[in-house]
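Chain by chain, the residues:
Protein chains: 2
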Amino acid sequence: MASLGDIGVSAFINILSAFAFLLAFALLRIQPINDRVYFTKWYIAGKRSSPRNNRGGLVGKFVNLNFRTYLTFLNWMPQALKMSESEIISHAGLDSAVFLRIYTLGLKIFGPIAVVAFLVLLPVNATGGTLFFLRRDLVVSNIDKLSISNVRPRSYKFLAHISMEYLFTFWACYMLYKEYDRVASMRLNFLASQGRRPEQFTVLVRNVPRDSGRSVSDSVETFFRRNHPDHYLCHQPVYNTKKFAKLVRKRDRLQNWLDYNQLKFERNPNKRPTKKGGFLGLWGETVDSIDFYKGQIKLLDTQLTMERQKVLKDPKFVTPAAFVSFKSRWGAAVCAQTQQSKNPTLWLTNWAPEPRDVYWKNLAIPYVSLTIRRLVIAISMFALVFFYMIPIAFVQSLANLEGLQKVAPFLRPLIEWKVVKSFLQGFLPGLALKIFLLALPSILMLMSKIEGHVSLAVLERRTAAKYYYFMLVNVFLGSIAAGTAFQQLHAFLHQSATQIPRNIGVSIPMKATFFITYIMVDGWAGIASEILRLKPLAIFHLKNMFLVKTERDLEKAMNAKSVDFPEALPSLQLYFLLGIVYMVVTPVLLPFILVFFAFAHFVYRHQVINVYNQKYESAAAFWPHVHGRIIASLVISQLLLMGLLSTKKAANSTPLLIVLPILTLTFHKYCKNRFEPAFRKYPLEEAMNKDTQDVAFESDDDLKSYMTGAYVHPIFHSFQEVELDEVRVDKNQAHITNPSPTVCEDKRSQSIHTVYHYEFESQNRVYRHDIESQP
Amino acid sequence: MASLGDIGVSAFINILSAFAFLLAFALLRIQPINDRVYFTKWYIAGKRSSPRNNRGGLVGKFVNLNFRTYLTFLNWMPQALKMSESEIISHAGLDSAVFLRIYTLGLKIFGPIAVVAFLVLLPVNATGGTLFFLRRDLVVSNIDKLSISNVRPRSYKFLAHISMEYLFTFWACYMLYKEYDRVASMRLNFLASQGRRPEQFTVLVRNVPRDSGRSVSDSVETFFRRNHPDHYLCHQPVYNTKKFAKLVRKRDRLQNWLDYNQLKFERNPNKRPTKKGGFLGLWGETVDSIDFYKGQIKLLDTQLTMERQKVLKDPKFVTPAAFVSFKSRWGAAVCAQTQQSKNPTLWLTNWAPEPRDVYWKNLAIPYVSLTIRRLVIAISMFALVFFYMIPIAFVQSLANLEGLQKVAPFLRPLIEWKVVKSFLQGFLPGLALKIFLLALPSILMLMSKIEGHVSLAVLERRTAAKYYYFMLVNVFLGSIAAGTAFQQLHAFLHQSATQIPRNIGVSIPMKATFFITYIMVDGWAGIASEILRLKPLAIFHLKNMFLVKTERDLEKAMNAKSVDFPEALPSLQLYFLLGIVYMVVTPVLLPFILVFFAFAHFVYRHQVINVYNQKYESAAAFWPHVHGRIIASLVISQLLLMGLLSTKKAANSTPLLIVLPILTLTFHKYCKNRFEPAFRKYPLEEAMNKDTQDVAFESDDDLKSYMTGAYVHPIFHSFQEVELDEVRVDKNQAHITNPSPTVCEDKRSQSIHTVYHYEFESQNRVYRHDIESQP
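Those protein sequences? They're chains C and Y, same order as listed.
Residue 611 in the UniProt record's numbering sits at position 611 of the first sequence; the count goes up by one each step and never skips.
Residue 304 in the UniProt record's numbering sits at position 304 of the second sequence; the count goes up by one each step and never skips.
Please note: incorrect hints may appear among the correct ones.
If several chains are the same, the list does not tell them apart, and a pair holds so long as it fits within one copy or across any two.
Straight-line C-alpha distance at most 20 Å; calculated PhoX-like pairs for lysine-lysine [said to hold, decoys possible]:
id, residue 1, residue 2
1, LYS298, LYS690
2, LYS669, LYS327
3, LYS449, LYS543
4, LYS298, LYS615
5, LYS648, LYS294
6, LYS342, LYS690
7, LYS250, LYS275
8, LYS178, LYS342
9, LYS449, LYS361
10, LYS310, LYS82
11, LYS275, LYS108
12, LYS615, LYS449
13, LYS615, LYS361
14, LYS313, LYS275
15, LYS672, LYS275
16, LYS316, LYS264
17, LYS669, LYS342
18, LYS561, LYS434
19, LYS690, LYS157
20, LYS47, LYS543
21, LYS672, LYS342
22, LYS310, LYS669
Keep in mind the hints are simulated off the structure, nothing from the lab.
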């Protein structure tokens with residue numbers, strides 16, 4: 001157990017490093033050269049096109065020469081607070097606004113709890129406890145004097161802890177209820193105030209049965225025309241674009257090389273860049289690089305055009321999925337929320353994700369395959385959580401000195417140096433662990449993709465859920481109960497149901513200092529490093545140096561990240577768990593959590609306003625998960641307190657505490673029934689309201705032209721775009737050969753027409769319009 | 001452990017008693033006087049109106065004098081088999097037909113399993129086992145020699161058991177899959193071939209928000225007219241009829257007395273029956289009974305008419321629920337399966353149960369109350385299952401001799417007789433237990449009613465589920481692990497997760513003989529007593545003697561029961577559990593189960609054809625529960641086998657067996673997704689198909705008049721009916737004051753019209769038509 005002094009030192013170091021990060025950020029952000037890294041969002045929103053502090057000639061273009069701004073370098077904090085919530089919603093979307101609310105929820109829950117706990121529980125713990133008669137210096141230096149450990153076994157003082165657990169649970173539930181209510185109504189308002197969007201009218205149909213006699217497109221048309229005669233408008237097939245996507249990626253790579261070489265040539269006009277034509281540019285005859293890449297790209301464009309034609313014409317490339325659009329939101333709401341066919345594994349309908357949000361690769365997975373995928377992923381997830389440490393331990397055992405000596409005997413003299421040896425011994429295993437942990441989010445995302453979800457939003461939520469389980473077992477339980485997760489699993493299976501919370505509960509107070517340190521390292525310093533954006537900064541400058549040629553390239557180089565939900569949500573939920581578990585046991589931990597929530601709220605608020613650009617808008621669809629996991633934390637805390645108290649021989653407390661989890665779970669169930677439908681369903685009343693309000697497009701034809709092309713695979717757009725910019729020679733020809741992939745009413749696949757350019761334009765207009773028209 | 005001889009004796013006794021029951025049944029059923037008890041269904045279906053064997057004058061009316069029929073007294077068995085499944089469906093409904101399929105499913109699953117188990121496992125168990133070298137007579141007399149107990153610890157022979165568990169599980173799953181598929185398609189066909197029925201067009205709306213300015217009826221009208229403008233037809237409010245129902249019950253009682261006295265007078269025309277007018281007929285002046293009751297009934301009729309008028313006119317009596325009818329099945333399907341309002345606790349829509357099936361009392365329960373009710377019932381159910389024995393033990397302790405002596409000291413001389421004493425000591429505690437167990441189904445049904453389900457079918461299914469949990473814990477686990485359920489619960493909490501199946505598993509083979517006896521007593525003799533219908537027989541004859549006056553009374557006295565799902569399903573599922581648990585452990589048990597399934601199939605087939613009259617038709621909605629519980633049995637069996645094998649030190653078997661529950665549960669999940677929607681949802685394709693086929697009623701007005709009155713509280717009908725039959729004097733007046741409780745389109749509550757008689761007529765016609773038009 002660390003002493004208060006140790007914690008003081010740790011706090012000092014972490015505060016210092018947090019301040020160092022903040023200082024670096026404050027200095028870097030006012031340099032014009034970094035403007036696009038720290039104000040990405042404004043550039044993307046089109047509200048800024050050049051650095052603000054741009055004065056002082058050539059040097060001033062890169063370095064901030066206005067020394068007055070250095071004096072006010074912390075003014076981003078009040079600036080971040082200035083924007084109101086509704087402004088944030090219109091600026092960055094509801095997802096970001098609600099994400100920020102999680103931090104304020106933390107403050108709202110733990111603020112009053114901390115005050116009450118300090119007023120009530122600290123005196124109860126501190127006075128007349130088991131540790132009171134020990135030597136003064138030992139007692140004072142130990143944080144345990146303020147925790148529940150200090151209370152004598154069988155003491156009636158535990159009633160204070162039990163009643164506080166009740167009080168805090170009720171308070172947390174009350175705040176959760178209010179917040180769920182608020183978020184649900186924010187979501188409904190947001191959806192209600194949204195402008196006309198393609199996803200409001202569109203339903204994603206999967207598992208369209210293959211009918212030997214007719215095309216998928218025909219089946220869809222017939223089916224919906226028969227079963228939704230008054231509402232069906234048109235549909236857009238989904239194409240299998242694997243090969244096409246590969247070509248597009250190849251073209252992008254070649255384009256990058258072309259840009260690089262052209263830039264090189266511009267900077268040094270005397271010497272045309274050359275390369276060798278053979279394998280990897282290592283041998284063969286020397287050719288002019290620019291001409292070479294231009295030729296390659298031209299070749300590829302022809303290939304792309306042919307491939308595209310093939311994809312759009314050949315029914316083999318049509319997958320058994322389609323986006324079906326309806327004449328009214330009511331019609332779409334009905335279709336999305338009902339079962340269509342006798343066989344519930346065919347004609348599966350769901351709300352279409354918004355076009356940006358579609359994960360195209362998973363649209364065509366058959367039903368049985370989905371079932372098997374989910375089983376396999378569930379089993380692998382279980383294995384991953386409980387056996388994650390095994391391969392790491394294996395690699396670590398290889399990565400020690402003996403292993404290294406065996407693999408590379410020539411290193412022996414080097415290794416035998418003492419300094420190098422101790423460095424390697426301390427460093428290598430840690431590095432191995434770090435690499436594995438860095439790979440974790442990608443592994444989890446890959447697993448979610450294999451599970452077959454069809455939208456990015458769901459993929460990210462599923463990944464967040466997996467990451468949370470991992471953290472719960474490997475970070476929370478792993479830190480409390482000694483040993484690997486696998487050993488814990490073994491113990492779980494061989495212990496009785498009442499023994500488990502007892503074993504964990506008893507070591508909870510002892511780990512308080514560890515978690516305080518964890519909060520400071522991960523929560524304080526970690527968040528401060530988030531605002532600095534070192535990695536995007538480096539990448540931006542590298543790209544700027546080698547690739548950026550046009551304004552569009554510059555925008556691409558900014559590479560605006562969105563809020564990293566798969567990592568941010570689980571770690572947030574871990575802080576809630578820590579706060580809730582320790583609120584009664586060791587209330588001293590609460591201020592650290594409060595500082596984290598306040599500071600992180602500042603930082604993320606700044607990032608959301610200035611940097612992040614959301615890839616999609618799910619209208620806070622993640623909230624039920626956040627709510628559910630805070631409830632789970634409450635139940636975990638109650639069970640652990642029961643276990644802890646039973647080791648304190650306050651056995652009579654069990655009947656008093658057993659009521660609490662039941663009440664908590666009932667509250668959760670009530671909230672689920674009361675609010676969750678707002679996140680999963682779309683009430684017909686709302687749909688009808690919006691249909692009657694919205695009379696901008698009067699005829700079906702207007703709506704049809706609006707829907708046309710909304711759900712075309714984005715690589716068709718990207719290809720088109722490149723063509724328009726770069727390959728103007730091919731444009732006319734390309735236009736003739738680019739058929740519309742949308743089948744509307746009487747225009748079946750055979751009567752392909754060429755409205756592609758128009759579609760893309762209208763598509764762009766839709767989004768620009770949406771962004772601007774948000775309240 | 002019972003020897004084979006003991007089992008033989010038990011089998012002999014049970015077979016004997018089963019035959020006695022069958023013989024009694026065979027003799028009683030051919031007596032004309034009992035005809036209405038044993039052929040109830042045919043009378044109700046209107047296909048029989050007098051006993052078939054009716055010859056031989058006055059005596060022949062009561063006793064069967066045709067001695068030839070006594071010789072063929074077992075011919076009900078082939079008769080029962082003659083009817084094909086589709087005939088049974090049209091004769092008794094899909095519920096009954098599918099109920100019978102459960103028994104054949106048992107035969108299909110356990111038949112081949114029994115053959116394979118006898119061929120493979122019996123030799124494996126019998127040869128070279130631990131019990132092989134014991135004394136021959138001991139070995140032969142013990143059934144354990146044929147069970148898994150006979151295999152040596154650490155033997156490789158356990159591989160045979162493990163592979164058989166795999167094989168049997170796959171076989172059971174295969175049969176379950178085929179059966180689920182079949183039942184689902186039978187259900188869909190049944191629904192598709194049904195004639196036009198009110199519930200196809202009707203949705204039950206609950207939690208209509210109270211709007212101060214307008215009536216519930218108005219709110220419903222406005223809401224659905226706005227949100228389903230193309231489909232809304234009309235709606236019928238639900239009235240709070242508590243007081244009215246009380247009056248109707250009182251009138252029924254008086255009517256019974258009147259009938260009784262009139263009958264008395266008819267039989268003995270010399271003496272008019274009289275009664276005393278005072279309290280309970282004990283004192284007061286003597287009055288003529290017939291005149292007295294006639295006067296009372298007349299008085300009550302006026303009261304009823306007034307009360308009825310009040311109920312229909314006063315908006316206070318309208319509950320916030322309504323039956324909303326649509327112009328098409330498509331419209332109703334859409335409304336029933338979507339969320340209507342922003343607030344998911346308001347405007348809750350569900351398919352309306354068929355009119356016979358509605359449980360009127362629960363229609364108006366508010367949402368919050370429902371949540372609380374379910375929590376309370378869940379907790380009480382838990383307490384009931386685990387603490388059921390405690391009050392029984394308490395009553396038993398009171399019901400012993402000492403308790404009795406204290407309560408009634410005057411009985412002392414009687415009690416001190418030795419014969420009486422021993423009889424009471426053996427009898428009283430058993431009686432107490434029996435009374436409690438007899439009360440159990442009613443208690444469970446009451447609990448289900450408190451839970452707030454709105455249809456009889458759901459109530460019965462929920463009661464069946466509760467009964468199953470009770471049986472699983474108190475009969476199955478209670479018989480295997482010694483001690484009360486509460487002691488088991490205590491042990492569960494204090495044992496490790498792997499210890500529990502081990503403890504139970506190890507005593508499984510030892511209890512085989514007990515369960516064999518149980519099957520014979522409860523399964524063989526119990527089923528045989530079911531066919532005899534002793535209780536309904538007695539009640540019928542009593543009623544016949546004292547009350548029956550008209551043909552309608554006779555019909556009422558038949559009191560046709562329906563299949564008792566709340567008790568029949570759980571006990572069936574218990575047999576599946578026993579068979580599945582013992583199929584690998586003690587295959588000798590299987591033939592007993594097979595005999596039960598075959599015999600019970602005969603008996604129930606006969607009863608379904610000749611006796612039972614279903615109160616409602618749920619179109620086999622109970623099947624998912626049956627399926628789910630057989631799957632649960634499979635998983636329980638796998639876990640117990642794992643526990644058993646681990647005590648046999650075949651520890652390496654655990655990894656081999658752990659895969660099986662995972663596969664089984666995945667199979668279950670797949671089945672659930674694949675088939676369960678057929679039982680919960682109504683696909684739009686089907687609705688549209690049926691809408692287009694069905695063009696019998698051409699205009700909306702026809703449909704409206706068809707729907708009118710379909711969902712009026714049945715006591716309004718019964719009152720009307722009585723009036724029409726008995727109180728002809730009042731009829732005209734009643735007609736004028738009986739407003740229609742149905743609000744259709746423009747006819748709001750203020751413009752009450754008097755189409756009541758017509759409504760009831762059409763209502764009757766609807767049902768007659770349905771019964772006849774079934775395929």
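Okay, the hints, checked on the actual structure:
Proximity of LYS298 and LYS690 under a CA criterion of 20 Å is satisfied in neither setting, with 48 Å inside one chain copy and 58 Å between copies. In this assembly of identical chains, LYS669 and LYS327 lie within 20 Å of each other by CA distance neither inside one copy nor across copies; the values are 36 Å within and 36 Å between. In this homomeric assembly, LYS449 and LYS543 never come within 20 Å of each other (Cα to Cα): the closest approach is 29 Å inside a single copy and 70 Å across copies. Taking identical chains as interchangeable, the C-alpha atoms of LYS298 and LYS615 are never at most 20 Å apart, the minima being 31 Å within one chain and 77 Å between chains.
For the homomeric pair LYS648 and LYS294, neither the shortest alpha-carbon distance inside one copy (78 Å) nor that between copies (75 Å) is at most 20 Å. Proximity of LYS342 and LYS690 under a CA criterion of 20 Å is satisfied inter-copy only: 13 Å between copies versus 31 Å inside one chain copy. Proximity of LYS250 and LYS275 under a CA criterion of 20 Å is satisfied intra-copy only: 18 Å inside one chain copy versus 105 Å between copies. For a Cα distance limit of 20 Å, the shortest separation of LYS178 from LYS342 across copies, 17 Å, qualifies, whereas the shortest one inside one copy, 41 Å, does not.
Taking the shortest Cα distances, LYS449 and LYS361 sit within 20 Å of each other inside one copy (9 Å), while across copies they are farther apart (49 Å). Taking the shortest alpha-carbon separations for LYS310 and LYS82, neither the intra-copy value of 54 Å nor the inter-copy value of 62 Å comes in at or below 20 Å. In this assembly of identical chains, LYS275 and LYS108 lie within 20 Å of each other by CA distance neither inside one copy nor across copies; the values are 63 Å within and 76 Å between. In this assembly of identical chains, the alpha carbons of LYS615 and LYS449 lie at most 20 Å apart only when taken from the same copy (17 Å versus 50 Å across copies).
In this assembly of identical chains, the alpha carbons of LYS615 and LYS361 lie at most 20 Å apart only when taken from the same copy (17 Å versus 52 Å across copies). For the identical chains of this complex, LYS313 and LYS275 are neighbours neither inside a copy (39 Å) nor across copies (95 Å), given an alpha-carbon limit of 20 Å. Taking the closest pair of Cα atoms, LYS672 and LYS275 never come within 20 Å of each other, the shortest separation being 63 Å inside a single copy and 62 Å across copies. Proximity of LYS316 and LYS264 under a CA criterion of 20 Å is satisfied in neither setting, with 44 Å inside one chain copy and 86 Å between copies.
Taking the shortest Cα distances, LYS669 and LYS342 sit within 20 Å of each other only across copies (18 Å), while inside one copy they are farther apart (31 Å). In this homomeric assembly, LYS561 and LYS434 never come within 20 Å of each other (Cα to Cα): the closest approach is 23 Å inside a single copy and 71 Å across copies. With identical chains, the CA atoms of LYS690 and LYS157 are never at most 20 Å apart, being 58 Å at best within one copy and 70 Å at best between copies. For the homomeric pair LYS47 and LYS543, neither the shortest alpha-carbon distance inside one copy (23 Å) nor that between copies (90 Å) is at most 20 Å.
With identical chains, the CA atoms of LYS672 and LYS342 are at most 20 Å apart between copies only, with a shortest distance of 14 Å across copies and 29 Å within one. In this assembly of identical chains, the alpha carbons of LYS310 and LYS669 never lie at most 20 Å apart, being 52 Å within a copy and 40 Å across copies at closest.
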